[in-house]
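These protein sequence lines map, in sequence, to chains L and U.
Start counting the first sequence at 1; every next residue gets the next number (the numbering used here).
Start counting the second sequence at 1; every next residue gets the next number (the numbering used here).
No wet-lab data here; the hints were simulated from the structure.
We treat Cβ as the ideally placed atom computed from N, Cα and C, and that holds for glycine.
Errors might be hidden in some of the hints.
Claimed, not checked - Cross-link-like lysine to any residue pairs, in silico, SDA-like; alpha carbons within 25 Å at most:
{"no.": "1", "chain 1": "U", "residue 1": "88", "chain 2": "L", "residue 2": "96"}
{"no.": "2", "chain 1": "U", "residue 1": "88", "chain 2": "L", "residue 2": "67"}
{"no.": "3", "chain 1": "U", "residue 1": "88", "chain 2": "U", "residue 2": "13"}
{"no.": "4", "chain 1": "U", "residue 1": "88", "chain 2": "U", "residue 2": "76"}
{"no.": "5", "chain 1": "U", "residue 1": "88", "chain 2": "U", "residue 2": "27"}
{"no.": "6", "chain 1": "U", "residue 1": "88", "chain 2": "U", "residue 2": "70"}
Stated by the list, open to error - Across the chosen pairs, the derived CB separations fall in these ranges:
{"no.": "7", "chain 1": "L", "residue 1": "59", "chain 2": "U", "residue 2": "64", "range": "23 to 31 Å"}
{"no.": "8", "chain 1": "L", "residue 1": "108", "chain 2": "U", "residue 2": "41", "range": "28 to 36 Å"}
{"no.": "9", "chain 1": "U", "residue 1": "41", "chain 2": "L", "residue 2": "76", "range": "45 to 53 Å"}
{"no.": "10", "chain 1": "L", "residue 1": "97", "chain 2": "U", "residue 2": "62", "range": "31 to 39 Å"}
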Amino acid sequence: MPRPSLIDEYLAALSADLPGRIVDELADGLDETYRSYLNQGRDPEAAAQTAISEFGEPRVILTAFTGASRGRRTARRLLLAGPAVGICWAIVLITARAWQWPVPVVARVLFGVALITVISLLAVAAFGRHYRRVCRAAAAACAGTAILDAVMTGAVLVIAPVLVWPVAVAIAVSAGRSGFALRNVHHALTG
Amino acid sequence: MRAEDLKGHLDALLLAALEDAPQHGYAVMEALRQSTGGRLDLPTGTVYPALHRLEAAGLIAGSWSVVAGRRRRLYQLTAAGAEALSGKRADWRDFAAMMSAALEGAPCPDPA
């Protein structure tokens, strides 16, 4: 049975921001809805229009999928965990007088830029409205978070290799966050 | 019933619709319409994101099949989903009893 152009246009609007596997699933449901109205005796045009109305506006569906995406949930959890991890590292850096460490200014600036970039990506993933952008930002932020945690842990262990309790706590908390972020890179990307 | 009135209860309705047998999204919506006597006024398209959310939470499991040349995703309740549904039913009974007591003067059951 050919699909009416009205339904094709509706699905094309969803395809602009949703992956193919989700659009396939929605297309199946929409086709079933359309067919049920045809079976009730409506003409194809009216059946397609009613099926689309029943499905809801594409904007509403896109917003719902974006809100339900794994990327969004992962990003929000990482944003919530951020301050706690940051405080742990701040205690380490302050007690170890990190400003006296022989770290080149360029490396400090690069780390700062990377940190701001990851936080920005998390913000986009946590509050963005476009499904694809949210998923990509979340995946990139997950990878970035793990890299930042690894760099921070490596730097402290190399420059100030004294395992006092603030260092142990910060490394443990960072390792937990990195594990969570790495486990969710793929999930975030696929939604 | 409007979508906003369902806030917080949609998950329980979807889990209940999947309790007896695996269903695809459209069939879930039809089951909800039938079980609510057609009073559920929810855009069908918004059921799918909710199903994806439940799947990500491990409460339902989805799998693809091919029906009449079309890809179709079927969902079924997991053990965790069945447990969650049981908990949601108990919560709903408590909530409904409390509201009936407060609004209609019905006897409030013992919280034990």
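Notebook entry, point to check: What are the numbers of the hints that this structure violates, sorted from low to high?
Noted result: 1, 6, 8, 9 and 10
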